[in-house]
Amino acid sequence: MINFIKINSEQVVAPVSGKCVSITQVNDEVFSSKAMGDGFAIIPKDCMVVSPVNGEVVLIAETKHAFGLKTKKGLEVLVHIGLDTVQLEGKGFNVHVKQGDKVKAGDQVISFDKTYVENSSIDMTTMTIFTSGMTEEVCLECYEKQVNQGDILITKI
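Position one of the sequence shown corresponds to residue 1 (our numbering), numbered consecutively onward.
Hints are computed from structural coordinates only; laboratory data are not their basis.
The structure displayed is predicted, hence computed values, not measured ones.
Glycine included, each C-beta is placed from N, C-alpha and C at the ideal position.
One or more hints might be untrue.
As the list claims (entries may be wrong) - Taking lysine to aspartate or glutamate pairs in the EDC-like style, the calculated list, with each CA pair at most 16 Å apart, reads:
1. Lys70 with Asp123
2. Lys19 with Glu137
3. Lys72 with Asp101
4. Lys156 with Glu137
Stated by the list, open to error - Restraint ranges, calculated between C-beta atoms of paired labels, are given here:
5. Tyr143 with Val30: 16 to 26 Å
6. Ser121 with Lys72: 38 to 48 Å
7. Asn119 with Lys72: 35 to 45 Å
8. Ile43 with Gln108: 14 to 24 Å
Please model the complete structure; the sequences and the hints are all you need to start from.
Okay, here's the thing in structure tokens:
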């Protein structure tokens, strides 16, 4: 029997499986300095990226490497897949939703061709950034640990 975890509107899940790290460890000053907002990062081992929250898709980057979400409570979340992935111009990425779609935490949003990206020598660290509406500092118990896509990382936002 499969057990399904119901994600409520105040939870944030891992958008990808891999090693969870503090946003301050990301090898890009814009993200690590929290200039865009606080958040967390995951060094992915899989190639499917899901929505970390229940909300509306408000942005899909033209180059397919990032997407933005807004929850009913007004929390704005940016998921940015990899560093310098904009250089790939969308090659190797597939988008499974469109702007305006309502998604639930765990719904597929973007997948990428892991072999193609690795052959392009791109750091695929994936950031989840709270660009607006997060009032508390993000400090997770899962830092330096493996997480699975859909694992609940933040229980109240």
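Violated hints, by number in ascending order, as checked against the structure:
Violated hints (numbers, rising): 1 and 2; every other hint is consistent with the structure.
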